[in-house]
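*Asks:* What follows is the residue order along each chain.
Number of protein chains: 2
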Amino acid sequence: MEKERLILITNDDGIHAKGLKALIKAVEPFGNLAIVAPDGPNSGMSHAITVKVPLRYKFFQNGNSKTYYSCNGTPVDCIKIAMTVILEKKPDLIVSGINHGSNSAASIFYSGTMAAAMEGSMIGIPSIGFSLTNHSHKADFTAAIKIISTIIEKTIQNGLPHGVALNVNIPDVDKNKIKGIKICRQTKGYWQEEFDKRTDPSRGDYYWLAGKFINLEPDAQDTDEWALKNNYVSVVPVPVDLTAYSFLNKLKKWNL
Amino acid sequence: MEKERLILITNDDGIHAKGLKALIKAVEPFGNLAIVAPDGPNSGMSHAITVKVPLRYKFFQNGNSKTYYSCNGTPVDCIKIAMTVILEKKPDLIVSGINHGSNSAASIFYSGTMAAAMEGSMIGIPSIGFSLTNHSHKADFTAAIKIISTIIEKTIQNGLPHGVALNVNIPDVDKNKIKGIKICRQTKGYWQEEFDKRTDPSRGDYYWLAGKFINLEPDAQDTDEWALKNNYVSVVPVPVDLTAYSFLNKLKKWNL
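Chains A and B supply the protein sequences, listed in that same order.
Note that this note's numbering gives residue 167 to position 167 of the first sequence, counting from 1, and the numbers run on in steps of one.
Note that this note's numbering gives residue 139 to position 139 of the second sequence, counting from 1, and the numbers run on in steps of one.
FYI, nobody ran anything at the bench for these hints, they're computed from the structure.
All of these numbers come straight from a predicted model, not from anything done at the bench.
Put simply, identical chains are the same to the list, so a pair is met inside one copy or across any two.
Below 25 Å or equal to it, Euclidean Cα-Cα: the simulated BS3-like pairs (lysine-lysine) are:
no.: 1; residue 1: K252; residue 2: K177
no.: 2; residue 1: K179; residue 2: K250
no.: 3; residue 1: K229; residue 2: K188
no.: 4; residue 1: K197; residue 2: K89
no.: 5; residue 1: K21; residue 2: K89
no.: 6; residue 1: K179; residue 2: K253
no.: 7; residue 1: K252; residue 2: K154
no.: 8; residue 1: K154; residue 2: K253
no.: 9; residue 1: K250; residue 2: K188
no.: 10; residue 1: K90; residue 2: K188
no.: 11; residue 1: K52; residue 2: K197
no.: 12; residue 1: K175; residue 2: K154
no.: 13; residue 1: K21; residue 2: K52
no.: 14; residue 1: K18; residue 2: K52
no.: 15; residue 1: K250; residue 2: K146
Just need the whole structure built from these sequences, with the hints factored in.
*Replies:* Quick look at the structure:
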């Protein structure tokens, strides 16, 4: 039990989410916890920051080696205001989640949970986002807790390079059905929209965003989607250097 | 003059932004244009999608080979609703911008302009985001137009790989001071917040997000920040595969 370590926790489902409580349970043996989470659901907020309205935070609850704050901003705002205004010292680790719903493959782009972890790794703090492949607010996070504990322990032992976060997705199956933890690459694919068109009482059309994931490589066993479909936990290391190095030399030959 | 080509245009500063008008001017010789842009400012919205309220769009204006729509969503929502609901055929090219303000280095993470381009490249359409390093709504985009025209022409000639977008930043200097176009990698660095704390009439504290960019490698001549500081246009190829391949093998040795 290491109680000097400071761990910053956030999520995108908000301060009252069941997944946040499960993450706290998994992480609390590893240090003192500062929870700075959005005051309501922020799914789909990606790496958005709040610039049109000011941020506010409130001290929410104090527990045994745990302090809770809620913030009116996005998950990335939570990291920023925690680092600059709320915390008195730099955290040793940032964890985000447990997200209600998968953040594998292209979903990482829309995810506030993963954006918070990436923001952390950008400033040089080992950061991990955790997600369970079940959207329900009643999702069962029991199996996740042991897995998270293992991954946290290994991360503390090994450290993470500056600018690399981990994207951990956990399949929504019974604990004894999980086959193990698999290091993966991000699956190639995209979300194909199927907007749900409706008409309001004033005869105006409106559209609810809905869609399905198109997996461009369903048989690739080194991808996160394959791992999850086959009951493995997927771990993808995620960079904050967004340079497509494989295309850099070809692009130079364009002679722009 | 190729008028069969369909080019989808969006931005994050909104349908009335001066930068959007400049981009339209640069791009209109290359095809028919469908402009689907947010109905107001969406700076800092990153890859956010709208899930709490439904989307609406309205036909806004029809010009010579140009059709305008505004949408109540984010830049990424604009791409999604354009692709699925508004457009009758798949666009040949997606361009986003011209952003009022730089999207170099870590700013790419917060940028709605670049998120729209990345969303396009995810679905296999050559996509480019353009930004000028001047935040003012009155910024002068004159020099940008010729540069954009050159880059569009080369992109049409060469194509772009599925899953690679271009992040183009243009220095805010006179046309004759621009030294050329430089292919770069993303600068390592991050935004350090300096929240502006104020107190409202009810004695509640609130915080405006503000900060400065910390460049961790100011002398690296192959980075976008160096290029812009030295009056070059920077072009960074951006992947939608967010796997930190350089760390994959080390991570496997953790034996998770």
